[in-house]
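The residues making up each chain are set out below.
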Amino acid sequence: MGMDRRNFLKAAAGGTLAATCAAPVEAREKREMPQGAVGLLFDGTLCIGCRACMSACKAENDLAPEFNEIEGSTYWDAPLDISGHTINIIKAYVGGDSDEKDTLDGYAFTKLSCFHCVDASCVSCCPVGAMTKDSVSGIVSHSKDACIGCRYCVAACPFGVPRFTYDQTFPYIAKCQLCKHRMAEGKYAACAEVCPTGATLYGPVKELKKEIARRKALTPGTETEFPRGHIGSSDTFVGPVAKYIDHVWGEKEIGGTQVLHLSAVPFDKLDKKPLPDVAPANVSESLQGRIYHGMIAPIAFLGALVLVAKRSAKALGEAGEPDHTQAGDRKGE
Amino acid sequence: MHAQIQEQHSIDFDAIEDRLGMSRRDFLKFCTVTASTLGLSAGAEAAIAKAIESAKRPSVIWLHFQECTGCTESLLRANHPTLERLILDIISLDYHETLFAAAGHQAEAARHQAMKDNKGKYLLVVEGAIPVKDNGIYCKIGGQTAVDMLKECAADAAAVVAIGSCASWGGVPSTKPNPTGSEGAGEVLGKTVVNLPGCPPNPYNLISTVVHYLTFNDLPALDTKGRPKFAYGRLIHENCERRGHFDAGRFAKEFGDEGHRKGWCLYKLGCKGPETHANCPAVLFGDVSNASWPVGTGHPCIGCTEEGIVFTKPIHALAELKTVTPPVFFARPAEERGTGVTFAAAAALAAIAGAAAGGTAMLARNLGKKAPEPGQDAARPAEKKGG
Chain A
1 MGMDRRNFLK AAAGGTLAAT CAAPVEAREK REMPQGAVGL LFDGTLCIGC RACMSACKAE
61 NDLAPEFNEI EGSTYWDAPL DISGHTINII KAYVGGDSDE KDTLDGYAFT KLSCFHCVDA
121 SCVSCCPVGA MTKDSVSGIV SHSKDACIGC RYCVAACPFG VPRFTYDQTF PYIAKCQLCK
181 HRMAEGKYAA CAEVCPTGAT LYGPVKELKK EIARRKALTP GTETEFPRGH IGSSDTFVGP
241 VAKYIDHVWG EKEIGGTQVL HLSAVPFDKL DKKPLPDVAP ANVSESLQGR IYHGMIAPIA
301 FLGALVLVAK RSAKALGEAG EPDHTQAGDR KGE
Chain B
1 MHAQIQEQHS IDFDAIEDRL GMSRRDFLKF CTVTASTLGL SAGAEAAIAK AIESAKRPSV
61 IWLHFQECTG CTESLLRANH PTLERLILDI ISLDYHETLF AAAGHQAEAA RHQAMKDNKG
121 KYLLVVEGAI PVKDNGIYCK IGGQTAVDML KECAADAAAV VAIGSCASWG GVPSTKPNPT
181 GSEGAGEVLG KTVVNLPGCP PNPYNLISTV VHYLTFNDLP ALDTKGRPKF AYGRLIHENC
241 ERRGHFDAGR FAKEFGDEGH RKGWCLYKLG CKGPETHANC PAVLFGDVSN ASWPVGTGHP
301 CIGCTEEGIV FTKPIHALAE LKTVTPPVFF ARPAEERGTG VTFAAAAALA AIAGAAAGGT
361 AMLARNLGKK APEPGQDAAR PAEKKGG
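Going line by line, the protein sequences match chains A and B. Be aware that the first sequence starts at 1, since it is given in the numbering used here, and climbs by one per residue. Be aware that the second sequence starts at 1, since it is given in the numbering used here, and climbs by one per residue.
Honestly, I wouldn't trust all of these hints.
[Said to hold, decoys possible] Just so you have them, the derived chain B footprint on chain A, three or more residues with Cβ under 8 Å: (1) 88-99; (2) 191-205; (3) 232-241.
[As the list claims (entries may be wrong)] Lysine to any residue pairs mimicking SDA-like chemistry, simulated, CA-CA at most 25 Å apart: (4) B/LYS322 - A/THR222; (5) B/LYS119 - B/LEU219; (6) A/LYS273 - B/THR342; (7) A/LYS180 - B/ARG250; (8) B/LYS253 - A/ASP271.
[As the list claims (entries may be wrong)] Computed beta-carbon distance windows for the label pairs: (9) A/ASP268 - B/THR192: 41 to 49 Å; (10) B/GLY142 - A/THR222: 44 to 52 Å; (11) A/TYR166 - B/THR192: 35 to 43 Å; (12) A/ALA59 - B/GLU238: 19 to 27 Å; (13) B/THR297 - A/ALA155: 30 to 38 Å; (14) A/ALA59 - B/LYS191: 48 to 56 Å; (15) B/THR297 - A/GLY221: 32 to 40 Å; (16) A/LEU104 - B/LYS29: 27 to 35 Å.
Hints listed in this document are in silico derivations from the structure and should not be mistaken for laboratory results. The C-beta atom is built at its ideal place from N, Cα and C for all residues, glycine as well.
Hey, can you work out the whole structure from these sequences and the hints?
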């Protein structure tokens, strides 16, 4: 016989109490956008689907083409999704007769690349600190050298952004780092720089949000001046204002992101499913903060386990072979 | 191939040389070029040669309404063969206000004579828009309004060809506020006409249409806007020599900048190639050099063949891309993946797994029986009893 029912329940109750109440820690505070946060504004209504951003991205980040078979031809770089070799992609929603742009019966474009979350799950879950968020620019980037290839970030990202190069002998994680390497040369994100319609626009997130407010306040159908490349650019053009839906993707999703999307079709059509306003990283870190706070609960739990183990050992006696004893006991019965 | 050659041999080249003033070689070259512009199959050049060789020249009546004569001017500058030879010798141009030697009542009499002699057989070419406001008084020739003249000439024509954007859909004269109520020939006549829009249109598209009619006694295949598919079936963007720069995101930002001097894409300067249907990049324009078309010379396309683009959209305004409708090789927002496990599949799998587990358990049990330990074998019944 092990420990009796009463003792077992006592120990279990004690352990649970320790785990839940011993550390009355508040939920971790909500992360705020860094002051100098930079990001992108993708306005799907301006995108013409030229995919210049995709080729510029591959050229600037030294990424290999992906020769998928498209209409019987395998000569073109035709990725079907972001991957270890494609960190930025333009995708098309097609519905109905797909005749008119930015309607449910027509077609619409969307972009998928890293959203540079304010409270990034990939940074939170990385066990070795290879994934980091810059405290000034807010750019989420990673160090190939520090990465151990655990792929926790791949599983954690709500947007499915970090990808692993399974086809490489020495695989690594690939994701958009907002052309961090170009910033040292005084340049900015290549995708925004080449975009001929300013559909992808680079700039400080604060300024991007002002631009979003300006566009949403305009009357659909009227004409306005759109900047190309980056906020405040002298390269502008005049074009019609689209009928935006009342949702800015990335404004609230999982605590906010530094890449914001405007669209004229609902985001769930663009495979941007509803996400909570609270960052998953905040939830998990709060929970872990409670459990491991001061190591009180784990120590209490370990203590309870030791207690149980000791009592069991005592009940079995000093003999090393409990099975035989038991068999003998039974035989005796 | 032999049949073609024999057919060519049966053509009287001496007669053609006399009539057109072109050598056998030049003549066959012209036929081949026309056949390829039309997108006809191999061997068609022989049929074209045969048709042109025939002495019976079709009568053509050419009307001028609200226009600048740019269409005629561009036509006169074609040089394989020189177009006036084609106009004057291959076809019988019985009425053309710019090229006519006659004038006044003499000219009008010639038109009426040609219409009478070739009733139901002549080709009517219309150049310029037709004003319909106030009973069409804004354009008169010999005291007759353009509307009346067009209707009179079209009544007995074998086919009507509208040359230039004005005749096709109104062009410049129909631009807002359209004070004279200008319309295209097709709209005024209320029937399908062959539209060859352009400002001016490519002369070879007219030659090819006329030669197609001569050869097959039928008009070429037309699109929904009445434009021959051989010439207007594709967007300029699709065959543009600068397309590679567009795809790579290399754009000229202003005239004379680095990108412009390097021959990069002119989209940002307002090039309308992505929304304009025409064969300019393929057949070029003006026979000057191998870059002799607007985009080749460094100026963005203004969409002169497309209704609603030229004279409507500012030249610097960005074009709307037409190649992406519907987007064929774009990845979908969520690419199709295998669906999750269905209940039936899960149940079937569970049944198989259960059977396998059961079988393994039984095997293990039997294995135990075949190689029993004396003590344990004896113990089993005891265990059961104990349970």
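Hint check results:
no.: 1; hint: 88-99; verdict: holds (count 9)
no.: 2; hint: 191-205; verdict: holds (count 4)
no.: 3; hint: 232-241; verdict: holds (count 4)
no.: 4; hint: B/LYS322 - A/THR222; verdict: holds (22 Å)
no.: 5; hint: B/LYS119 - B/LEU219; verdict: holds (18 Å)
no.: 6; hint: A/LYS273 - B/THR342; verdict: holds (22 Å)
no.: 7; hint: A/LYS180 - B/ARG250; verdict: holds (21 Å)
no.: 8; hint: B/LYS253 - A/ASP271; verdict: violated (34 Å)
no.: 9; hint: A/ASP268 - B/THR192: 41 to 49 Å; verdict: holds (45 Å)
no.: 10; hint: B/GLY142 - A/THR222: 44 to 52 Å; verdict: holds (48 Å)
no.: 11; hint: A/TYR166 - B/THR192: 35 to 43 Å; verdict: violated (58 Å)
no.: 12; hint: A/ALA59 - B/GLU238: 19 to 27 Å; verdict: holds (24 Å)
no.: 13; hint: B/THR297 - A/ALA155: 30 to 38 Å; verdict: violated (56 Å)
no.: 14; hint: A/ALA59 - B/LYS191: 48 to 56 Å; verdict: holds (53 Å)
no.: 15; hint: B/THR297 - A/GLY221: 32 to 40 Å; verdict: holds (35 Å)
no.: 16; hint: A/LEU104 - B/LYS29: 27 to 35 Å; verdict: violated (54 Å)
Going down the numbered hints, you'll see the structure goes against 8, 11, 13, 16, while the others check out.
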